[in-house]
Amino acid sequence: MLHFCCDQRRRDTVRAHPTLNGIDYLEVLDQDAPVGSPRQRSLLVRWLKAIPEFTRENVQLEGGERITPVRVVWAYRADRIPATELTPPEQAFFAALPEADRVLVVRTDSTGDFSTYRLSLRASEAILIPRDRFDPRLLAVDFSFKVECPSEFDCQRDRLCPPGPQPQPELDYLAKDYTSFRQLMLDRMAVLLPQWKERNPADIGITLVELLAYVGDHLSYQQDVIATEAYLGTAQRRTSVRRHARLVDYVMHDGCNARVWVQVQVSQDTLLPSSTQVLTRVEGATEKIVPGSTAYQRILAQRPEVFETLHESLLLAAHNQLFFYTWGDRDCCLPRGATRATLRDDPAQRLQLRAGDVLILIETKGSETGAEADADRTHRHAVRLTRVEPAAIQVVDGRPTWTAGPLLTDPLTGTAIVEIEWHRDDALPVPFCISATTDADYGQQFVQDVSVALGNIVLADHGQTLPVEELGQVPEPILFPALVSIEDRCQKSTPEPIPPRFNPHLQEAPLTQAATVTKEIGDRAVRLPFDPDASATAAFQWSLRDALPALTLNNGTWFPQRDLLSSNQFDLNFVAEVEANGQTSLRFGDDRHGLRPNVGTLFTAVYRVGNGVAGNIGAEALAHIVTGDGAIDRVWNPLPARGGIQPESIAAVRQQAPTAFRTQERAVTADDYARVAERHPQVQRAAATFRWTGSWRTVFVTVDRLGGLPVDAAFKREMLRHLERYRMAGYDLAVDAPRFVSLEMEMQVCVKPNYFRSDVKAALLQVFSNRILPDGRRGVFHPDHFTFGQPVYLSPLYAAAQAVAGVESATITLFQRQGTPDNDALERGWLELGRLEIARLDNDPNFRERGVLQLRLGGGK
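By the count of numbering that gives the first Met the number 0, the sequence shown reaches residue 860 at its end, each step adding exactly one.
Treat the hints as calculated values from the structure; they're not laboratory data.
Everything hinted at is true.
Listed next, the in silico DSBU-like pairs over lysine-lysine satisfying Cα-Cα at most 35 Å (straight line):
1. K48 x K145
2. K145 x K760
3. K751 x K145
4. K860 x K751
5. K860 x K760
6. K860 x K145
7. K715 x K518
8. K175 x K196
What follows is a list of derived Cβ distance ranges for each label pair:
9. R665 x D632: 56 to 62 Å
10. A354 x E745: 51 to 57 Å
11. P474 x T400: 49 to 55 Å
12. D731 x V605: 47 to 53 Å
13. L185 x R302: 51 to 57 Å
14. H16 x S109: 31 to 37 Å
In this text the structure is predicted, and so the values were computed from the model without any measurement.
Cβ atoms here follow ideal geometry from the backbone N, Cα and C, with glycine treated the same way.
From just these sequences and the hints, can you work out the full model?
What follows is the structure in structure tokens.
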């Protein structure tokens, strides 16, 4: 469904059109079928106007769950059906149809199932379906073969848009400070020079004693620090804690910067370069700031939060604001979960959207009042387009540019349109109202463009790039190892100098930690700030292990790493180590793990500052852009920034690091395989079984997917890839589906007075369904409520039934495995299941073998 509209006017408009035609409705001949005619196999498709002579090649039937496909045997206009295809009663029946030239009769080869089918008209070699004669919106119709089957409920489908649910000499070794060292040396001097009794501070002897006591105090402190930093439980420096944790394969993170979707509005088309700075609001500043100007320096002195764009972007004036098209209908909305829509195009200023573009859907007016001040600020959502029709076409003329694709119009009104679809992971979390009628207090006025789409969306992240900073040069070595005495004193040995330590510090803080993702491009794995082919939601999803410092040395010839354990002796890598006060020092390799920089090498750094939760700014906080481009008018962020995380605390590392290495990274026992399979994000529970398959052992991993999704071939391949790294040599892997146990249950319900039995029954069927309820709750028999070997107890079933409004009492009279008569479970109060069995009760008339629920209601009215 593209969208749902309360006021559907198109059919009446097409009926009044002089040439356009379309389907009015469809009838399934069932009880009214003439004698001898097959019931539920004759479809009467009534059109708004007279139709040409279609054939079965023009008719397409889609849909169905159990019975599919349903084929068309023949299709003729009602007044042109060959006599050979009909019985005499049928001939008389069809001849008597009013306006037979508007009726297309379709005969199928089966009666279908209880699900919804779709009949649509398509062009054939003999008969075309021109858009100027047939309305594309009325060339298809949904129907059910079982429309006349007895039902207690209204056959009208409910199409509402409900809100979404809402850290050696004899010494006194106790001498550790200045006072004790001074006293220790005076006592020693009293033994060695008893004639020296001077204690005047001005005496040269006392001066030397006190000087040595002072140095000893500092050396003692350094000893204490070394002893303290030697253990994870006592270390105080983040650098020490980080290295201790890394020894047990735990990576301590330094936080991460925030990201935000930014809209840049322009008066004419222009190209926005990467790393363009966007600033939070500063009082008295203009929206555009010239780079390097006095105004720019003055604004930076007020310490605004600075964001920088992550990619180059082509900005188009036509994309500042995009309006939805509802095909002439009114009071429309995009429902929760929608992944496509239609936009209005302007022939004078064409849209140039293409797959990969990001749009932000935003509510601009209150649906009840029509006032902009009443717009719901929470109704804003970013989506990444996956399909656009017509899509922009790339043109290479000196430099790559884009131009609009062929114009697509509504054949009824001639309005230019653009069809868009976005990534399913970006499905709308809440309904978006497109048009509405205000309430009585506001004059019941029709309001269009309640929600719109914003283009020219650019991803930016927190952090300001600073000018080049000189870090100094690698010093000359000044230390040499002590010479060991050798027997041949004539053999001269030249000691190798000890390589000097070079750990420069960055002047500014906090250093930006930017998230990255790894993307396979060809046969290479490349680190990118975000995946341009993934959803808009994925741009804010990353692992903190992949966050790296936004820092390069010597014009990008040296690159940062989390550690140097994987670096070889030629890699130009370094590690940026951040202390608790935010100060960052750099550590280079030792010619084993990473190259050691040569003596005399001068280092310069380019880095960004800005990190953590300070970047989690609110919506509409960004207001200034640093650019000299006159085409840019305004910048703002419709959505708040997200993803900013503070550096991990020392207390948290002490708590988590000692047990992190206990994570099982291999699978040996059957339980190991099950636990490893459960690490997959789509797996609710798993069970594993070892079996001898003739030449080797095979591990059969039975998987219970979240949401009851099927364990199909694609998911099996994905699971095999997930399990492969943990598999023991000599064992094969196989993934299979659970063994579902269908339940059969009957319940006798007494309905309270003043309640309709049909209403209570509908509520009970909804509560005992396997679906997500409109209020966000799961049905009692939702697949995620049951897993392997989990017994089914009667008490929760009784509680769920009694919680339904209108239920006086409920009694379960049948409770067993489907097709296996047994009263033990009913008498015992629960049904036992095997290790690989999962209970199921879908109560689906199309799949009766998946469990049946019978409700017998009494009382009420």
